[in-house]
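Q: Sequence:
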Amino acid sequence: MSLLASHSSPMNLSIYLARTMGPFEVWLSQSDSREEQVVMVNGLRAMALPQVEAFCSTDFRLNLIATKLGVQKITGITVFDIREKRTYEPLPDLEIFVDSV
Numbered sequence: 001m002s003l004l005a006s007h008s009s010p011m012n013l014s015i016y017l018a019r020t021m022g023p024f025e026v027w028l029s030q031s032d033s034r035e036e037q038v039v040m041v042n043g044l045r046a047m048a049l050p051q052v053e054a055f056c057s058t059d060f061r062l063n064l065i066a067t068k069l070g071v072q073k074i075t076g077i078t079v080f081d082i083r084e085k086r087t088y089e090p091l092p093d094l095e096i097f098v099d100s101v
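The sequence shown begins at 1 in the numbering used here and counts up by one.
Because the hints were derived from the structure by calculation, they are not lab data.
Where is the CB? At the ideal position from N, CA and C, for every residue including glycine.
Heads up, a few of these hints could be off.
Stated by the list, open to error - Restraint-style ranges between C-beta atoms, simulated for each label pair:
#, residue 1, residue 2, range
1, 45, 84, 17 to 25 Å
2, 53, 78, 17 to 25 Å
3, 29, 57, 32 to 40 Å
4, 29, 68, 14 to 22 Å
5, 100, 17, 40 to 48 Å
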């Protein structure tokens, strides 16, 4: 039996350049390790984000499901610029605390 706890992580994509960028796709990369995957995306694997104007930002939320209680690490959040066909380095790991299901 597995327990599922839903979690919505607020995120922000900021542009620090003097030009418009995007549109973007954001996804949670699947780990290549043999470790059990504890945090997964709830819904579509990739989220579409609109263009972001120069020196502006856009807020979005990743809907996640955790299968274990306690502190869980979210790794592999990846941003892809559709127009430039460029994948950026994965975002730094995040930690969430799952206290109930």
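Q: Do the Cβ positions of residue 45 and residue 84 conform to the proposed distance bound of 17 to 25 Å?
A: At 21 Å between Cβs, range holds.
Q: Is 40 to 48 Å respected by the C-beta to C-beta distance linking residue 100 and residue 17?
A: Given range 40 to 48 Å: holds, Cβ gap about 41 Å.
Q: Note whether the CB distance of residue 53 and residue 78 lies within 17 to 25 Å or breaks it.
A: Hint holds: Cβ distance 22 Å, inside 17 to 25 Å.
Q: Quick one: are residue 29 and residue 57 within 32 to 40 Å, going by C-beta?
A: This hint is violated: roughly 22 Å between Cβ atoms.
Q: So the hint says 14 to 22 Å: do the beta-carbon atoms of residue 29 and residue 68 match that?
A: holds, 19 Å
Checked against the numbered hints given earlier, this structure breaks only hint 3.
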